[in-house]
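S.K.: Single-letter residue listing:
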Amino acid sequence: MLSKRIIPCLDVRNGRLTKGVKFEGNVDIGDPVETARRYYEQGADEIVFYDITASHEDRGIFLDVVERVASEIFIPFSVGGGINTVEDMRAVLVAGAEKVSVNSGAVKNPDIISQGAAAFGSQAIVVGMDVKQVQKSEAIPSGYEIVIHGGRKFMGMDAIEWARTCEALGAGELCVNSIDADGTKDGYELTLTRMIADAVSIPVIASGGAGSPAHMYDAITKGGATAALIASIVHYGQYTIPDLKRQISGMGAKLRMVW
Amino acid sequence: MLAILDYKAGNQTSVRRALDHLGIPCVITADPAVIAGAHGVIFPGVGAAGQAMNELLTTGLDKVLKDQVQAGKPLLGICVGCQIMLDYSQENDTRALGIVPGECRLFNAAWTEEDGTPIRVPHMGWNSIVQKRPCELLKGIEPEAEFYFVHSYYPAPPESYVIATCTYGEEFCAIHGGPGLWAVQFHPEKSGRPGLALLRNFYAYCKEASRA
Chain A
655 MLSKRIIPCL DVRNGRLTKG VKFEGNVDIG DPVETARRYY EQGADEIVFY
705 DITASHEDRG IFLDVVERVA SEIFIPFSVG GGINTVEDMR AVLVAGAEKV
755 SVNSGAVKNP DIISQGAAAF GSQAIVVGMD VKQVQKSEAI PSGYEIVIHG
805 GRKFMGMDAI EWARTCEALG AGELCVNSID ADGTKDGYEL TLTRMIADAV
855 SIPVIASGGA GSPAHMYDAI TKGGATAALI ASIVHYGQYT IPDLKRQISG
905 MGAKLRMVW
Chain B
396 MLAILDYKAG NQTSVRRALD HLGIPCVITA DPAVIAGAHG VIFPGVGAAG
446 QAMNELLTTG LDKVLKDQVQ AGKPLLGICV GCQIMLDYSQ ENDTRALGIV
496 PGECRLFNAA WTEEDGTPIR VPHMGWNSIV QKRPCELLKG IEPEAEFYFV
546 HSYYPAPPES YVIATCTYGE EFCAIHGGPG LWAVQFHPEK SGRPGLALLR
596 NFYAYCKEAS RA
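So the protein sequences, as listed, match chains A and B.
Note that the first sequence covers residues 655 to 913 in my numbering.
Note that the second sequence covers residues 396 to 607 in my numbering.
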């Protein structure tokens, strides 16, 4: 049986690891390559890197981080942030990432999903979705709306509908991030995660809100997710990855316990 | 030295980075002379079987690979490399290399996991394997070790070729072949310590075989 994955997410700005709450107030918390290596050695199942500046001049610094990670870490990792074209995808895949994550770039131009899948295979294309809960309406029947620009811009798109569209266009995986839960440590948005996991047949990663092993267990059971993304819970030393894995495994979930 | 077959359809650089890390000399190449001079060949692959076969046929590397196998050169196929060593793949209705009998089939989305949930395709993530017969590649690797898989099609060679299986909805072949001619469906170069150990075992076998 397939193991559920625990995936630390590293936000990188100017080549340094940062962390904010609800996408704001980011502070420097270390070197991304060092941190990634520590998580790899501790049994992380995959790692996500997010370039949160993605300005043209800083792109080179970030790609250098990706190359260093690829030479030292022998588990899969994905890279997102500022991916708007197939050429952007190619740059991070050539630098050594297995997967590339598109977010607002795909909302603005959904064709990038099918173009990326055709060029690199669906397995390489993750669509990251930032979602906020809103009033149910004709345009947003699920009550979950797609947002971009760190949650500041509402797109008038229903999250469930968008998830189905991404799958149809060839996405290999979806990472569902609740802006309402992000950085709160109050637990994942399980209703949203479950709705999307039920709507598609590709793997779904739950993101935003992890504060305890129980939250992660809920995401991969009640939430229907195949993986749980984490950040603050490990970045500040509250838990190590082996602590989390032991506890979640003890609750009855199947995780990779030998690494 | 190991030759990593360069046919523009693979994850050659990931394999090279893993071998570099292990201190195993290697070269990414499509040159038949370099391949012939290597202790062993790694045949990587990601993406679609049809595209991979086309590339091999247009470059003539299909013949180079078969000649090397004929000459007894150790070969390790990875993922799509593992799949197109068989006769046929359902993916793109592809006639494959036929180095090993059997075909490659699409996962059936109607299959369910042990907990009753339907499988999601691709099979993406870490899964354990069950060893069916002795294999030098798995020497020293804990039986509980898991490997990283990402694929929608799985190899189905005759049972006598199956070295290890994995279960995703149903049991399928995860390693096939025999001494000196192996294929793994998972990605050892991305499977952490156990995956690196498998690559180290392959190189040790290649060096031993060249001495014999």
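Please keep in mind that the hints were generated in silico from the structure rather than gathered at the bench.
Keep in mind that the hints are not guaranteed to be accurate.
[To be verified] The following label-pair restraints were derived from C-beta to C-beta distances:
# : chain 1 : residue 1 : chain 2 : residue 2 : range
1 : A       : A793      : B       : P420      : 53 to 61 Å
2 : B       : V429      : A       : A793      : 54 to 62 Å
3 : B       : V422      : A       : V740      : 35 to 43 Å
4 : B       : G432      : A       : S725      : 36 to 44 Å
5 : B       : G418      : A       : K876      : 53 to 61 Å
6 : B       : G432      : A       : E726      : 26 to 34 Å
7 : B       : A466      : A       : I715      : 33 to 41 Å
Where is the CB? At the ideal position from N, CA and C, for every residue including glycine.
S.K.: Now tell me, hint by hint, if it's right for this structure.
M.R.: Evaluated hints:
Range check, A/A793 to B/P420: Cβ separation about 60 Å, and the 53 to 61 Å hint holds. The given range of 54 to 62 Å is respected by B/V429 and A/A793, whose C-beta atoms sit roughly 60 Å from each other. Between B/V422 and A/V740 the Cβ separation comes to about 29 Å, which falls outside the hinted range of 35 to 43 Å. Separated by about 26 Å at the C-beta atoms, B/G432 and A/S725 break the suggested range of 36 to 44 Å.
B/G418 and A/K876 have their C-beta atoms about 46 Å apart, which leaves the hinted 53 to 61 Å range violated. Between B/G432 and A/E726 the beta carbons are some 30 Å apart, a value that agrees with the proposed interval 26 to 34 Å. Take B/A466 and A/I715: their Cβ atoms lie about 47 Å apart, and the range 33 to 41 Å is violated.
Violated hints for the displayed structure, listed by number in ascending order: 3, 4, 5 and 7.
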